[in-house]
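Undergrad: Chains A and B are the protein sequences, given in the same order. The first sequence runs contiguously to residue 242 in my numbering. The second sequence runs contiguously to residue 345 in my numbering.
I should point out that these hints are in silico values taken from the structure, not numbers from a laboratory. These figures come from a predicted structure and were not determined experimentally. From the three backbone atoms N, C-alpha and C, an ideal C-beta is built for every residue, glycine too. A hint or two may mislead.
Partial pick of chain A residues on the chain B-facing surface, computed with a CB cut under 10 Å [unchecked claim]: (1) R87; (2) F89; (3) D96; (4) N97; (5) P104; (6) D109; (7) H116; (8) V118.
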Amino acid sequence: MTLQTVDLRKAFGGVTALDGATVRFRDGKINALIGPNGSGKTTYFNCVTGMIRADRGRVTYRERDLTGRAPHVIARAGIGRTFQLCRIFPRMTALDNVLAAVRPAGVFDALRGARHRVETGRARGWLTRLGIEHLAGAPAGTLSWGQQKLLELAGVLMTDPDTILLDEPAGGVNPALLDRIGTLVRELNAEGRTFVIVEHNMDLVMSLSDHIVVFDRGRPIAEGPPSVIRTDERVLGAYLGV
Amino acid sequence: MPSVSSRLTGGAAVLLLATGLLSFPGLAPNPYVLSAGIVVLHYAVLATSWNFVGGFTGYLSLGHGALAGLGGYGTGLLVTKAGLNSFVALALAMLLVSALAVPIGMAALRVRGASFVIVSIALVLILLLVFQSWASLTGGSRGLVVPRPFDLSRPEHHRVFWFLFSGLLALALLAWWLIDRSRFGLGLKAIREDEDKAEALGTPTFAYKLVVFVVSAAFTALAGGLYALWFGDLDPVFQFSVLTGSYLVLMALLGGVRNLFGPLVGALVVGVALEYFKVEFGNTPLHLVATGVLLALVVLFMPDGVLPAAGSLLRRLRPAGEQASIRDVTAAELRERRRAEEVRR
Numbered sequence: 001m002t003l004q005t006v007d008l009r010k011a012f013g014g015v016t017a018l019d020g021a022t023v024r025f026r027d028g029k030i031n032a033l034i035g036p037n038g039s040g041k042t043t044y045f046n047c048v049t050g051m052i053r054a055d056r057g058r059v060t061y062r063e064r065d066l067t068g069r070a071p072h073v074i075a076r077a078g079i080g081r082t083f084q085l086c087r088i089f090p091r092m093t094a095l096d097n098v099l100a101a102v103r104p105a106g107v108f109d110a111l112r113g114a115r116h117r118v119e120t121g122r123a124r125g126w127l128t129r130l131g132i133e134h135l136a137g138a139p140a141g142t143l144s145w146g147q148q149k150l151l152e153l154a155g156v157l158m159t160d161p162d163t164i165l166l167d168e169p170a171g172g173v174n175p176a177l178l179d180r181i182g183t184l185v186r187e188l189n190a191e192g193r194t195f196v197i198v199e200h201n202m203d204l205v206m207s208l209s210d211h212i213v214v215f216d217r218g219r220p221i222a223e224g225p226p227s228v229i230r231t232d233e234r235v236l237g238a239y240l241g242v
Numbered sequence: 001m002p003s004v005s006s007r008l009t010g011g012a013a014v015l016l017l018a019t020g021l022l023s024f025p026g027l028a029p030n031p032y033v034l035s036a037g038i039v040v041l042h043y044a045v046l047a048t049s050w051n052f053v054g055g056f057t058g059y060l061s062l063g064h065g066a067l068a069g070l071g072g073y074g075t076g077l078l079v080t081k082a083g084l085n086s087f088v089a090l091a092l093a094m095l096l097v098s099a100l101a102v103p104i105g106m107a108a109l110r111v112r113g114a115s116f117v118i119v120s121i122a123l124v125l126i127l128l129l130v131f132q133s134w135a136s137l138t139g140g141s142r143g144l145v146v147p148r149p150f151d152l153s154r155p156e157h158h159r160v161f162w163f164l165f166s167g168l169l170a171l172a173l174l175a176w177w178l179i180d181r182s183r184f185g186l187g188l189k190a191i192r193e194d195e196d197k198a199e200a201l202g203t204p205t206f207a208y209k210l211v212v213f214v215v216s217a218a219f220t221a222l223a224g225g226l227y228a229l230w231f232g233d234l235d236p237v238f239q240f241s242v243l244t245g246s247y248l249v250l251m252a253l254l255g256g257v258r259n260l261f262g263p264l265v266g267a268l269v270v271g272v273a274l275e276y277f278k279v280e281f282g283n284t285p286l287h288l289v290a291t292g293v294l295l296a297l298v299v300l301f302m303p304d305g306v307l308p309a310a311g312s313l314l315r316r317l318r319p320a321g322e323q324a325s326i327r328d329v330t331a332a333e334l335r336e337r338r339r340a341e342e343v344r345r
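Isolated chain A, as found in the complex (with noise of 0.2 Å):
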């Protein structure tokens, strides 16, 4: 069993843009969530990861009831996720970046120094695997925009997470960037980590995906591999218009 919701529904005022949301993605699979501008893409994940609380509906995760619970008890149950305009800790350090996401065991554990060997042996793998770790040192906010998509992905990655929900990881990076995301989200997958990406890049969501979720106007409409959903009517109407 993985990530599944049923019914989600959120306005905004009279605007509605989650509209019965019922949708089950795959486990340990590169699962896509398309669909055109506005069609509560962003909406959604921000109601699965608890960033906003939904009108109505489930979230279940793991046959684990996290309907209305608070971002970090989300987090902490396996979930982790990138924001659609990038956030890190831009005074804070690449490394100390990635080591905020350290969760600490108790009162005790939390008072201890936060540059423990141990993790930042971790946290500094994480900043290499993603190239990185000649950055360690400098203030996140002067790192490039790309750099700064691979620090919030390390920061995630520091999580442990089972699930990655990655909110248009395309956007804004350059070509031979955008390949080594690819990339990176393959070999994650091939370690066991299921993905949820939303993006605009159809180039992208075709070559990695093993399911697809199309959304239109709050609620999915079509869902399939790859080579299904580049055919479906529905689909095509739905970014078509017509």
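Go by the hints and put chain B onto chain A.
TA: Same frame as chain A, but now just chain B:
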């Protein structure tokens, strides 16, 4: 790891502080100067206590004056009404204020930014009304006289309290330093940078904020209580004044909120200036104007405070290359580096 030079600077600062604290009572020419020194030292403890919340989480509380007032009245009332030993009363008042800080924090820390500032002001105003109108208990605007803990001459009384305040300052600085280097501290700083992001990374932000608020309240209450025992006379208008909180914010910002010694340096500058303005302008509102001008100047020219400004000046004079140490940077440094980056491109 902190670089050798930053360790040396830290060691030198501690040594300088210890020397200053130990020698001032001997150097003060008369009891008046010593008592003015105690007022400034009391501000230093309050500003350092304030900085547990302000510096780590970025929540600017104007309500800390009220927590100090509660500590003062708590101590005073436990001595006068319950007949407790002065320092037992002080400890008990600290515990009571800490307990009270839990519901206060739970209410206030739900809102961020400007809303939090407003809520913290409301706390002061509400408590002022309560302590003024509940005259049967607090003495109302007639004030509350707190008996002195020791039977000493006035100069000796000042001397003893100078060292008591010094001990409290050392304790507050030690606690701040411990949190600063801990995982808890890193989580708090993450809240300051981006609270939602910190939460999304698994930090229980509300619990973190609440714990540090209670720690801050405990130290603030101790400072308020010690002040009550030293000064011996409490008046709600001064104990529950928005001005106190504003002074603390001014001191911490002026010195630098992300530096261990920032609020202390700020308290030295502002505290001395306040005492001076009071002597100079007497009972006119001019000392408020002067303080306001000081705040405006700081915000305009040293948004990160005196210490970081001095630090970046020093670094500019030093050869490049040793700046890669892992530490917090200030907004000004960040801007500067970005500019340098752009020039390089």
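Undergrad: Indicate, hint by hint, whether the structure satisfies it.
TA: Results of checking the hints against the structure:
The restraint placing R87 of chain A at the interface with chain B holds, with a minimum CB-CB distance near 4 Å, inside the 10 Å limit. Annotation: F89 of chain A was flagged as interfacial toward chain B, and the flag holds, the nearest CB pair being 4 Å apart, inside 10 Å. The restraint placing D96 of chain A at the interface with chain B holds, with a minimum CB-CB distance near 6 Å, inside the 10 Å limit. For N97 of chain A, the interface hint holds, the least distance from its beta-carbon to any beta-carbon of chain B being 8 Å, beneath 10 Å.
Because the closest C-beta pair between P104 of chain A and chain B is about 5 Å apart, less than 10 Å, the hint holds. A least Cβ separation of about 7 Å between D109 of chain A and chain B falls short of the 10 Å threshold, and the interface hint therefore holds. Against a cut-off of 10 Å between C-beta atoms, the interface hint on H116 of chain A holds, since the closest Cβ of chain B lies about 8 Å away. The interface hint given for V118 of chain A is violated, since its Cβ lies 12 Å from the closest Cβ of chain B, which is over the 10 Å cut-off.
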